[in-house]
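S.K.: Protein chains in written order, with the numbering used here: chain L, -15 to 284; chain D, 2 to 52.
Some hints could be false.
[To be verified] Computed beta-carbon distance windows for the label pairs: (1) T46/D / H226/L: 55 to 65 Å; (2) G230/L / Y27/D: 43 to 53 Å; (3) W12/D / Y120/L: 21 to 31 Å.
[To be verified] In silico lysine to aspartate or glutamate, DMTMM-like type, Cα no more than 25 Å apart, as pairs: (4) K273/L / E252/L; (5) K39/D / D167/L; (6) K22/L / E47/D; (7) K22/L / E35/D; (8) K28/L / E35/D.
Read the hints as simulated data drawn from the structure, not as lab findings.
Cβ coordinates follow ideal geometry from the N, Cα and C atoms, glycine included.
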Amino acid sequence: MMKENKEIKQEHNGGKTKGILKNVWMTFVLFLYNLNLKGFLNGKLYRGPFKGICMPGLHCYSCPLAVGSCPLGTLQNTLGSLKRQINYYALGVLLLCSASLGRFICGLLCPFGIIQEFLYKIPTPKWKPAFRFLRYLKYVVLVVLVILFPIVTMLEKGIGVPGFCRYLCPAGSFAGSVLVTLDERMRPLIGPLFWMKLGILIAIILLSIFTFRPFCRVLCPLGAIYGLFNKIAILKYHVKPHTCTGCGACKQVCNVSIDPVKQCNSAECVRCGKCREVCPTGAITVVPKLPTPSKNGKIE
Amino acid sequence: MEEKTLKKSSWITLVLILISVILIGYGLAHHGFEMTQKKGSAICTECVGFE
Chain L
-15 MMKENKEIKQ EHNGGKTKGI LKNVWMTFVL FLYNLNLKGF LNGKLYRGPF KGICMPGLHC
45 YSCPLAVGSC PLGTLQNTLG SLKRQINYYA LGVLLLCSAS LGRFICGLLC PFGIIQEFLY
105 KIPTPKWKPA FRFLRYLKYV VLVVLVILFP IVTMLEKGIG VPGFCRYLCP AGSFAGSVLV
165 TLDERMRPLI GPLFWMKLGI LIAIILLSIF TFRPFCRVLC PLGAIYGLFN KIAILKYHVK
225 PHTCTGCGAC KQVCNVSIDP VKQCNSAECV RCGKCREVCP TGAITVVPKL PTPSKNGKIE
Chain D
2 MEEKTLKKSS WITLVLILIS VILIGYGLAH HGFEMTQKKG SAICTECVGF E
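For reference, chain L alone in the conformation it holds in the complex (with noise of 0.2 Å):
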């Protein structure tokens, strides 16, 4: 008996390591995002070569702090300029992206969705909800705005907009916040469109310090598509049924309301590995898996 209470308590402190591990990853990660500071000092933005760089996490490409492409734009932008040429190599990237480590991305990978748990680490009463229903709302998001709003746009104006970057996009509003403090010069563009578009922001911010990820959870298109691919992704959660001892503590944490004994692939996984920390008995593993040969030759 004190044995398995001495080896719970090792797994109990590996978990912590891990959960300074991902602190320590996620920092890394903004900062690697947002390389360009000096262009948050002086308003520029990044032109280099870099640029070119498709990035899977959402972040706004028009901010100042920069340096890579956000994938939603860049798809966005491809879809509203189909008659012209289409951007393979973007595409190519979000497929790359989705079928390599699904949500994994969203958890490790996503300046907007670490920031949103960085928030949701300020210590104040937290709230749990399931979002049962409001959490279709992000494929909505997906078809609408993303997919069909720049091919619409296209038809009928020649040009297509941006649906979601227009209407939605919460890094955009950052980005523009940074450039309106910054440059004088672009002061006079404010509109309606902005303030909305700010409104959103402010109410993402201080809903993520009660709430776990909400944007991620409810509106985020490029989770929506990640989602999808959680259950095929080469990168996934597997629970080994034999170590697993039912105890229901990765129930009982879990960000997201899932069962991930049941569910641990569940396309509302943002992966933020809560469940893996508390596992007394080390029974969620993450597991790459592809097609292997078998002992007689032949691949399976």
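The hints should help you fit chain D onto chain L, whose structure is shown.
M.R.: Same frame as chain L, but now just chain D:
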């Protein structure tokens, strides 16, 4: 049964990854990073909410 589904899904994943690699290769061979870079190098008024 579960093992069979897992194998099937890993085949789908492999095909998707091959398609994505072909898309990336084709895109880079034709336009390089230029298309993405051009879009990301100017302030997108829609993105930042300017009129």
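S.K.: So which hints don't hold here, by number, going up?
M.R.: Result: no hint breaks.
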